[in-house]
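*Asks:* The primary structure of each chain is shown beneath.
Protein chains: 2
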Amino acid sequence: MILIKEPNAMHDYVNASKRTGKRIGFVPTMGFLHAGHTSLASLCRTRESCDEVIMSIFVNPLQFGPQEDYEKYPRDMDRDTSIAEKAGVDVLFVPDASAMYPAAARTKVEVEEMSQALCGVSRPTHFRGVTTVVAKLLNIVNPDVAAFGQKDAQQFFILQRMVADLNMPVQLVMAPIVREADGLAMSSRNVYLNEEERKQALSLSRALVMAHQMIEKGETKPAVIIQRMTAIIRQQPLAKIDYVAIVETENLQPIQTIQSPALIALAVLFGKTRLIDNIII
Amino acid sequence: MILIKEPNAMHDYVNASKRTGKRIGFVPTMGFLHAGHTSLASLCRTRESCDEVIMSIFVNPLQFGPQEDYEKYPRDMDRDTSIAEKAGVDVLFVPDASAMYPAAARTKVEVEEMSQALCGVSRPTHFRGVTTVVAKLLNIVNPDVAAFGQKDAQQFFILQRMVADLNMPVQLVMAPIVREADGLAMSSRNVYLNEEERKQALSLSRALVMAHQMIEKGETKPAVIIQRMTAIIRQQPLAKIDYVAIVETENLQPIQTIQSPALIALAVLFGKTRLIDNIII
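Chains as they are written, first to last, in our numbering: chain A, 7 to 287; chain B, 7 to 287.
To be clear, the hints were calculated from the coordinates, so they are not data collected in a lab. The C-beta atom is built at its ideal place from N, Cα and C for all residues, glycine as well. Treat each hint with caution, since some may be false.
Stated by the list, open to error - Stretch-level coverage of chain B by chain A, calculated; a stretch enters the list once three of its residues show a Cβ under 8 angstroms from a Cβ in chain A:
1) 110 to 121
2) 141 to 147
3) 163 to 172
Same shape as in the complex, but just chain A (with noise of 0.2 angstroms):
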């Protein structure tokens, strides 16, 4: 596995790359990996039959809010390696915060409406942050394919949305959400939890199951499935509950009645440790 900082090494690199006609699979990451990210880079070398898969590391200052877990964010390189390397990855891409945002830079990408919806509310300034460095590790990696978590649901439209909307050239596919076998979605948040945080942090899952189970059962109202789903993560002492909500994926907007595609998209506060989780119907 090649490790690569310098943005300009990155971009030289794969357009050798491109040049010889290899397909680029790219897993855009922030880092303290996991089963998730690994199946990324899975979808990127099988289903996307990319010849070279790309992984970056960076932990993107843009994207946290002021009072937001930027600094204590975990980070393990030398894990990480380990994990990308086990994992397939013949590219680990990992720029300083310098190279990717100097003093002299003003440039902003944003995706209007979406970013404010769901996670948006909390976090008004997220999004743009994910759609700036995005935008610039696409310029960068150049690749054919981009994979993303459908853990991160909202993100993954909004990237849609822009990829679109600025004609990238690049191809974006979402990956399953990977989960722990007793249902908690995989995530690099998950260390902050205490072992009762953990326990009742299944009420997020369970809840969406729920969801899943009315819908197949016939109920349309999303009032209906919200308020059900809200009653089983209120029942968790320690769960503070940010949004519970059914939305379209097209514009992330909520839907009056049950239609597919819907996301079912849920974010809850366990201490000062955020967790979201969705399902696609």
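Let chain A serve as the given structure and place chain B on it in line with the hints.
*Replies:* Coordinates of chain B only, in the frame set by chain A:
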């Protein structure tokens, strides 16, 4: 000369050209072509050694304010086609507004601070429209070099910032302002001027020549130069000054002492017609 309307067709055409090793030059315009535009095509061909020159004509609704001249902006495709062909343009890209901005589009690219300076004061959404459409055009056309006129100097410095900030793989080049014999900077909007306005508009280039002379004679105080320029323009009864400014090219902020490189720029209204002009020292 080939005419292409569809963004996807444009992208495919360039990719095929680039695979054969051709170097691509790009001249984005809003049409109603004059010698300033054709000089950009020549610059791509000669100084920048491009094998193929692509020009786009697109009157971009996103860069016009609600009270501005989008509807009546001059358009003449037959004339433009003939001028472009004579100027040695190989491909004319003429997308429809509906193809550039589908109803679902939500993405904006903004270069903060620089977009609020100079023309950004009276045209607060203008440069966001410019950066958004140029980001799109650069992704569609994927050129090696894109040429812009110094006439829109603020636009150039903002776009240069955008391209650097977003790691876009293109080189931007700036061509000198092309002037009428009497000194008026060429502009598609000059057709709006009546005879008297046209005559008084010469005060713009006169003021810039005066600024240049003052600096050559050793004047270093921007305020002194601006005062003199303002006086020259105010002698014209139809002239209404929007701004006269001396700024750093790097960030477009006012400078305290004349030093290279600085941009001396002005915007002046004659009736409803807003003219801009500048020199770089």
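*Asks:* Against each hint, give a clear statement of whether it holds in the structure.
*Replies:* Consistency of the hints with the structure:
no.: 1; hint: 110 to 121; result: holds (count 11)
no.: 2; hint: 141 to 147; result: holds (count 4)
no.: 3; hint: 163 to 172; result: holds (count 5)
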